[in-house]
Amino acid sequence: MAEQTETTIEDPRVNPSSPSTARPQQAASRVPLAQLRSLILPSFRRYRLRVASGLAALIVVDFLQLIIPRFLKEGVDALAAGSASTSQLFRLALVMVAIAIAVVLLRFVWRYLIIGFSRLLEQEVRNRLFGHILLMDAPFFEKHGPGDLMAHSSNDLGAVQMACGMGVVAAVDALVMSLAAIAFMAAIDPMLTLLALTPMPFLAIATRKLSARLHRRFTTVQEVFSQLTEFSRTSLLSIGLLKAYTMEAFQAARFDKLGQGYVRGNLKVAVIQGLITPLATLAGSAGMLMVLYFGGRLVISASITLGDFVAFITYLYMLIWPMMAIGWVANLVQRGLTSLNRIHSLTASTPLLVDPPAAPGQAMVARPGFVVEHLTFRYPAGATPVLNGLSLSLGPGIHGITGRTGSGKTTLCRLLTRLYPVEDGMLFFAGSDVNQLPLDYLRAHIAFVSQEPVLFSDTIAANIALGRDGASREEIVAAARAAAIHDDIERLPESYETLIGERGVKLSGGQRQRLALARALLCDRPLLIVDDGLSAVDTATEHQVFSGLREHFHGKTVIVVSNRIKLLSMTDHIVVLADGRVEDQGDHDHLLRVNALYRTMHDKQMRQDDSGERQP
Amino acid sequence: MMDFGYSEEGHQGSLGDLRLWRRILAYASSYRMALVAAVLLSLFLTWATLAQPYLVQTAIDRYLTAHEMETAARLSGLGWNSLYYGLLIGLVFFATFAQILLLEYVGQWVMHRLRQDLFAHLLRLDLPFFNSRRTGQLVTRLTNDIQNMNEMFTSVIVTLFNDVLRLAGILVLLFAMNPPLAAIMALFVPLALLITVFFARLARECFRDIRSQLAKINSFLSESLAGIAILQLFHRQNASRATFFALSEEYRRRTFTQIKLFGIFMPLTEFLGSAALAIILWYGGGEILQSRLTLGELVAFISYMRLFFQPLRELSQKYSVVQSAMASAERIFQLLDSKRHIDEPRLPLALPDPRGKLEFRGLRFAYDEDREVLHGLSLVIRPGQTVALVGTTGSGKSTLVNLLLRFYQPQEGSILIDDVDISQLSLERLRTVVGVILQDVFILQDSLLANIVMDTGRGRDEVEEILASTGMAAFVARLPQGLDTPIGEGGLELSTGQKQLLAFARVLCRNPAILVLDEATAAIDTESENILEQAITDSFRGRTSLVIAHRLSTIRRADHIVVMAHGLIVEQGSHEELLQADGHYARLVAMDLKNGL
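Chain order of the listed sequences is G and Y.
Quick note on numbering: the numbering used here labels position 265 of the first sequence as 472, and the sequence is numbered without any gaps.
Quick note on numbering: the numbering used here labels position 448 of the second sequence as 1279, and the sequence is numbered without any gaps.
Next comes chain G alone, as it looks inside the complex (with noise of 0.2 Å):
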């Protein structure tokens, strides 16, 4: 009997649990082959010699199992014509032993050397895929999402692996077990081999027809399965507030109402399951049937021996296989091509931030600052610009960004730490146009912090010697202790080597942030940028983290946005962004006169200061 896959033709409860398996087959535009070939072609190319003696293996199997039947059938006529012996039947058992022992070796060989194989493309290809990544800049993240990309790395790459692996195996297994048993067949009885064989070509499109529409069915109740998932998940993560508005009956309902569909979905992936199996056998068993009417009557008629009767029910079994496997291969390859397409479109994918290449030896600058001159700015989805026409020389010393949410402060950050492209004549770093300047170079300059805290599943040490591998202990408590953070650390179980994160401990937002800097201060970089980076840290502790500030980075330049009015007023310079233009700069006291918008939020912050407070 041929080789089954351990992976049946689609059964949607192998993996319920799989993250987004729910992920529409996008029509991405079709590349040419010859592209694609180019992903895997050296994956090929290097384990050639390990594909062939595999696929030699396999047919080698293939033609043992084709061969057993022929003793069978030997042994059948020899007892049919009476002229058996004990010892020859023990002779033909014996050969068949061996040959199942030859069998079992060589399985072990292809299935070692052709999966084996498709996993080492898998990884090669995956880590291709990581590295381009890595290369990439922000407006390809805003185009592919961290889902869609995640959904690229497990399932796109299954689905290449499965091609590559079974796939090819289903393949040439079929194709040879198949060509091999009806040539064996023809042998016999021409005539009743095309018979026996009537109901295969339909099996054959009915299991392709039926298994693209149950990957459909298929792809539809995953897609209701995570709703499932998230909504039980975003309802048991509030269950406070649903209690609080007492909407648990509401929750229930609408989770019934999901749950049907969930159940209708699954019966709609049962129908054709249900189809497809039993489809498989009917057509087996009709092919019995024709055997059993037309090669009797051979049988009645002598043109046939019984022993040919026996051996044909037998390869005629084997043929049913194929046929199921051959619609199998099929849908697999055209997934494993559509993930390929996928996967390709993203190596194939360039940054929109160009990086010239690296002038040998250039000397790190000591006091650098920014010149924006005219700076027009839209993000590749948006319409509308959102730095429009801004102008501003940031040199050395402390400056303050504030103004109203969508002013353009966090774009500019964007823009200084070179995420996203700008235009020639734009922006100048050190009085060079960035776009002159390697990547690397430039952000060698700078430590950032950003809105969100950014931390990663590793020792708080680790996390915050993120920018300086080698940091030592003392280095990194020093910026734990600029930034604040020192005493918090201290008091988790394990100091430093507390791990945070998904499977650690869970950090405060101020924590997080003050985190950040501390990282960001280690660094000690010649130019400090944080985007709103203290927010949830209260402002005395941001007022005391900005006086070691004031002395830590003197002389160098420091870049702060911020929307409260006292870390403001300690800057030495503050601008106020409007409408991605520069409303008004200046010091404390000029913003205050001139600037309405700031007049405003300090007047909001400082009522108290009008109601009696009592300052120092």
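No lab work stands behind these hints, which were simulated from the structure alone.
Please note: incorrect hints may appear among the correct ones.
Taking lysine to any residue and the SDA-like style, the derived pairs with C-alpha atoms no more than 20 Å apart in a straight line are [said to hold, decoys possible]:
1) Lys1047/Y <-> Arg1035/Y
2) Lys350/G <-> Leu1062/Y
3) Lys1047/Y <-> Ser664/G
4) Lys1047/Y <-> Leu364/G
5) Lys350/G <-> Ser664/G
Based on these hints, arrange chain Y on the given structure of chain G.
Relative to the frame of chain G, chain Y by itself:
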């Protein structure tokens, strides 16, 4: 507190747990008829599957090898035989299809009911329960564990039942034909079972290793993607690449372990089949030579052998499925059995027309046994009065709200609304009388209108009226599609201020007698803040209101300010009085209110 033994993989349910089976069957009992039909189909299918080789055998023995018969009689006999065979395979097709659908139907609806029960049960449980559980765990119960149990209905009944039945049937037939040969064949059963069960165990571990490594890759990837800008700015690409490659290599290594395992075991069952075939030929052939077996019987033996090994392989595969399904069932029922800590009164009072008097009487409360948060707090709020709660983090302000909503039960003391102890009210009534606006909102993925109305059944006009009367119409007017703007995932993302406005509108729809506001601590954009101030002024008028205040403007609007510290009220009075007193409050104000979150 009871622990559920959160061991998704390690723990295996016991197949012999009758109590568990009874509960599962109780759920399935409303689908009794369908299940009986499925069992009948099973019996039919077993009979039909076994009848097929029998028909071939009779054809061989009666007609093909019957050289003494007339050719015409042999041909017509063969014709009839073939006709029966054709009818049989048609019936098998339809019966199999019907059985698969039937069981899927029953399984899915039973699971739906179970999932629904579990979800409703979870929603009824109180907050202390959730504090000791991880959400992910509970979600797993609701989704994957139930999914696992579904296997019980489709796999257990179909496969176990069909396969066991078929195996038994085959053995009976074989024994009837030739007892010694049948006995030899029967030896293959324990052998094959042993191999496959052993294999199933190894394979499970193998898959678990692979899955956990894939999960590692995925979480590393997800973290890297979330922090890609930071990675690039801090020049971590090479280090990340190295980590990823190592993870990926380990994954590849684990898949190779699986390949080897499958490489050894998958061909082994096939080998057993070939060996059995060889024995049949050798031994059976010998029996024919001694005329103890007919040639047709030998061919039938060979066919049955083929039928024999297929269920054997499936049985062992399903064995582990059933085991994990039982484990899931156990976890689900345990969760369904968990009790809540706060009891609702058997005969709740209606409190038909609340005036809104609110009294906290000698409250003592601790979340953990050893750390008391409230130490005998008392406070009376007159109907229509607005009280601002002020104090530093940990002073017990939020705890007070948690107790008022009966999320937790005070260890001592009571809370009264209109002189009625809130434990005399149903939770639903209590939470309708007391409307809360928390810092966070639960947003449905729907229009703004649907998010405001929820299940109150209010009309669009009413909502518009409420919004207009509290100045919140301006908030809606600023949204692209007004009340019809889709919000939540995939829709408009609301700012902190807008979220609080939504919560406000939502609560006002319920027209509560007592309003509780937990003011947002995070910065709110100026425009939202202006609207909010207006809304607070308008909606507090004529309502008993309790505000956990962070903004001076809100505090000054209150009739009465209550300053809390370390679980006690340390000062109360008006803004001016308290500033005069130059105590806690004056210090709090001086320290900048933002500090006193």
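Given the hint that Lys1047/Y pairs with Arg1035/Y, test it: the Cα-Cα distance must not exceed 20 Å. Roughly 18 Å separates the two Cα atoms, so the pair holds.
Restraint status (C-alpha distance of Lys1047/Y to Leu364/G at most 20 Å): Between Lys1047/Y and Leu364/G the Cα gap is close to 16 Å, so the pair holds against 20 Å.
Holds or violated: are the alpha carbons of Lys1047/Y and Ser664/G at most 20 Å from each other? Satisfied, since the Cα-Cα distance of roughly 11 Å is no more than 20 Å.
Measure nothing beyond the straight line between the CA atoms of Lys350/G and Leu1062/Y; if it is 20 Å or shorter, mark the hint as holding. Holds, at about 19 Å.
Are the Cα atoms of Lys350/G and Ser664/G separated by 20 Å or less? violated (26 Å)
The structure fails to meet hint 5 from the earlier list, while all remaining hints are met.
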